[in-house]
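Participant: I would like the entire structure built from these sequences, with the hints used as guidance.
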Amino acid sequence: MKRIYIVATLLFWLGVTAIWAGSHWMPATQEVAALSPTKAYSLQAVAAHNRADNCWMAINGQVYDLSAYIPQHPSAPEVIVAWCGKEATTAYMTKNRGRPHSPYATELLQRYRIGVLDMR
Amino acid sequence: MRILLTFPRFYLALVMALAGLPALLQMPAVPLTLSGMGVLTGWLGCGALAASLMLMVREPAIASCFGGLDRMYRWHHLFGVAGYVLLLSHPLFLAGQALPAHPQSAWQIISPGSPTWSGMLGWGALLGLMLGLGATFATRLRYSVWRPLHALLSVGVLLGIAHVLLLGGLTAAAWVVMLPIVLALTWRMLRVDRGQGARPYEVSSASCLSDEIVEVSLRPLAQPLAAVPGQFVMAAFFEGPHYRGCGEYHPYTISGAIPDGGLRLNIKALGDCTRTMQSLEAGVAARIQGPFGEFFASRNASPEVWIAGGIGVTPFLAQLRLGEVTRPTEFIYVYRTAQDACYLDEMERYAATHPLLHFQPLVSQNDLVPLYAMLAKVTDLPARQAYLCGPRLFVAAVSAWLKQHGMREQSIHFENFEFRS
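Chains as they are written, first to last, in this note's numbering: chain A, 1 to 120; chain B, 1 to 421.
Hints listed in this document are in silico derivations from the structure and should not be mistaken for laboratory results.
Errors might be hidden in some of the hints.
[As the list claims (entries may be wrong)] Okay, the calculated bits of chain A under chain B, using three or more residues with CB under 8 Å as the criterion:
id : region
1  : 3-15
2  : 62-73
[Unchecked claim] Computed far set for chain B versus chain A, every beta-carbon distance over 10 Å:
id : residue
3  : Ser-111
4  : Arg-191
5  : Pro-220
6  : Asp-260
7  : Thr-326
8  : Leu-368
Just so we're clear, the structure is a prediction, and the values are computed from it rather than from any experiment.
A virtual CB, placed ideally from N, CA and C, is assigned to each residue, including glycine.
Facilitator: Quick look at the structure:
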């Protein structure tokens with residue numbers, strides 16, 4: 001048991017160190033933010049991207065392309081895919097019995113912003 | 001169903017089902033990705049920890065369901081370590097999903113400097129488990145240092161519950177994890193650590209058997225425990241006329257019974273608390289919980305071989321004091337030096353009056369070869385039932401030798417004296 005504890009603990013810290021090193025030296029393969037963040041999209045344009053592999057959402061007046069993020073979302077895919085192509089502010093702000101997503105999730109969301117929602 | 005209730009494996013299967021249930025409840029909602037694996041290992045780890053904590057509830061009836069306290073604690077440790085390993089892998093899987101495409105995101109998921117409450121609670125839980133479990137294995141630490149460090153495990157578990165609730169709310173899986181944990185921790189704290197499940201006794205006499213061993217007689221101050229000599233109890237000693245006890249509960253084997261429900265315990269000086277107990281005196285208040293132990297519970301009519309190492313002689317002494325030697329019994333008592341031997345005269349007397357008992361004392365000087373030579377001469381050894389009691393390494397070495405020499409595993413019965421004296 002003691003050996004399992006020592007090996008598991010060492011492997012854990014090794015993993016944490018590797019991920020920290022990766023965050024410093026590995027290049028990100030997807031540069032979503034390269035798209036213009038000021039471009040305006042109508043809700044109709046957003047609605048055309050309503051699949052798991054082509055998923056846009058409008059949240060708080062911003063438009064996000066979450067296609068690359070869907071596989072990383074911790075919940076079941078259908079929970080998030082149901083909101084692809086839609087105005088999802090309410091869903092975003094009321095996950096888990098009315099509580100919003102965490103500040104970390106909000107920060108993560110910014111990486112996928114492709115523009116603003118055209119309200120006209 | 002009634003037959004099932006007598007099998008330790010039935011109860012073990014129930015505990016395993018409980019450990020797997022939270023993950024099973026989450027399974028339909030988990031994607032088949034690395035982050036999905038992260039979610040599953042998180043729930044499996046929580047379930048294993050809940051199971052481990054349930055097996056920490058030190059109640060005689062519960063211990064008996066699992067085949068004795070030693071066996072129950074072995075499963076407690078196994079579930080605890082399994083839960084720890086699963087929970088360590090949980091954030092690594094979550095971050096591993098993002099690593100190839102978004103290495104910075106991966107680090108944000110796992111970073112100890114996470115600005116979110118869930119992240120901080122998760123890290124607090126993991127560090128609590130890491131330090132608490134590390135202390136569990138550091139048996140050379142002083143007990144007064146070891147105990148609060150070990151208690152960090154509970155802190156880790158509670159922070160883990162907060163992490164789960166913050167992330168997912170009060171889901172069915174969260175209830176399945178939380179209820180057993182809260183129940184087990186509360187039960188343990190009130191019934192065991194605060195001694196509410198223990199009975200009041202008082203030391204009626206204490207006599208030193210050697211520099212490091214004292215035999216204490218206790219009389220009950222309320223309804224006595226239904227204990228059989230050879231079993232063990234958890235006992236804490238408090239104040240007396242000239243004695244100030246440490247009040248910690250430690251396990252001690254019952255070396256004999258005295259009239260009106262009294263007990264005799266052997267206490268060996270293994271640490272600060274038990275060293276203080278060498279000066280126990282009449283009138284000291286004590287609380288006793290138990291009894292535990294299934295050492296002689298499943299005996300048949302076969303001839304037996306008893307092998308005692310050091311203070312491990314106590315359950316055999318208890319049997320002899322009961323006056324029960326009803327089958328041919330070879331009894332070998334191994335001790336390091338002549339000064340370590342206890343009860344030699346008493347056991348020689350029993351050997352002289354019990355024709356079926358053959359008693360052989362042996363000074364080992366930490367060498368087991370003479371013991372093996374003695375065992376090799378025992379008539380029809382593989383057909384006997386072997387009863388071993390002593391330090392863990394001693395028991396492990398002698399068990400291995402017996403198996404190598406034709407004895408079946410189910411014929412070897414043993415108890416370790418790790419924290420017991």
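Participant: Which of the numbered hints are not met once you compare them with the structure shown?
Facilitator: 3
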